[in-house]
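Protein chains: 2
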Amino acid sequence: MSKAKFYHAGCPVCVTAEQEIISLIGEDGVEVIHLGENKGKIGEAEKLGVKSVPALVTPTGNVLHINYGAGIEDLK
Amino acid sequence: MSKAKFYHAGCPVCVTAEQEIISLIGEDGVEVIHLGENKGKIGEAEKLGVKSVPALVTPTGNVLHINYGAGIEDLK
Chain A
1 MSKAKFYHAG CPVCVTAEQE IISLIGEDGV EVIHLGENKG KIGEAEKLGV
51 KSVPALVTPT GNVLHINYGA GIEDLK
Chain B
1 MSKAKFYHAG CPVCVTAEQE IISLIGEDGV EVIHLGENKG KIGEAEKLGV
51 KSVPALVTPT GNVLHINYGA GIEDLK
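These protein sequences, in sequence, are chains A and B. With this note's numbering as the guide, the letters of the first sequence map in order to residues 1 to 76. With this note's numbering as the guide, the letters of the second sequence map in order to residues 1 to 76.
One thing to keep in mind: the hints can contain errors.
When chains are identical, the list treats them as one kind, so a pair holds in a single copy or across two.
[Stated by the list, open to error] No more than 35 angstroms apart at the CA atoms, straight line, and that leaves these computed lysine-lysine pairs for DSBU-like: (1) 47 / 76; (2) 41 / 3; (3) 51 / 3; (4) 41 / 5; (5) 76 / 39.
Just so you know, the hints here were simulated from the structure itself, not pulled from any lab data.
If we strip away everything but chain A, and leave its shape as in the complex, we get (with noise of 0.2 angstroms):
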């Protein structure tokens, strides 16, 4: 893994850490993925650790959950 993963499920406070991960890592850096659109993606981020969005996971494979938005059971 060589990107870090930003996960989120679009609400305000995701948005803005969204904004604010991205303007310090840059786009390129990081790929972003929406779980409330994208509830597909729920296992994989459970897989590697997110207990709650939003999460950074790092290319090393550390979860970093920030803030607190909403418990990764609340999004299924």
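Place chain B on chain A using the hints.
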């Protein structure tokens, strides 16, 4: 404020987050402040809206609380 500020308190989750943030943003883009060793900065952190550590304050002033390490009250 042109640099992001990363506040932490030396806990294991903070140190991991710090390494990840630095590798994503680059050392030149973020100032790291250890509130455990530098309690004089706690007031500054609170004024910026930091409620827990680790937290990243972006150049635009948004506070991204990462995971959940320690409440800022516990550091005093």
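Now the hints, each set against the structure:
1. Taking CA atoms no more than 35 angstroms apart as the test, residue 47 paired with residue 76 passes inside one copy only; the shortest distance there is 15 angstroms, against 37 angstroms between copies.
2. With identical chains, the CA atoms of residue 41 and residue 3 are at most 35 angstroms apart both within one copy (16 angstroms) and between copies (33 angstroms).
3. Taking the closest pair of Cα atoms, residue 51 and residue 3 come within 35 angstroms of each other both inside a single copy (20 angstroms) and across two copies (29 angstroms).
4. Taking identical chains as interchangeable, the C-alpha atoms of residue 41 and residue 5 lie at most 35 angstroms apart whether they share a chain (12 angstroms) or sit on different chains (32 angstroms).
5. Taking identical chains as interchangeable, the C-alpha atoms of residue 76 and residue 39 lie at most 35 angstroms apart only when both belong to the same chain, with a minimum of 7 angstroms there against 42 angstroms between chains.
The structure fails none of the hints (numbered hints given earlier).
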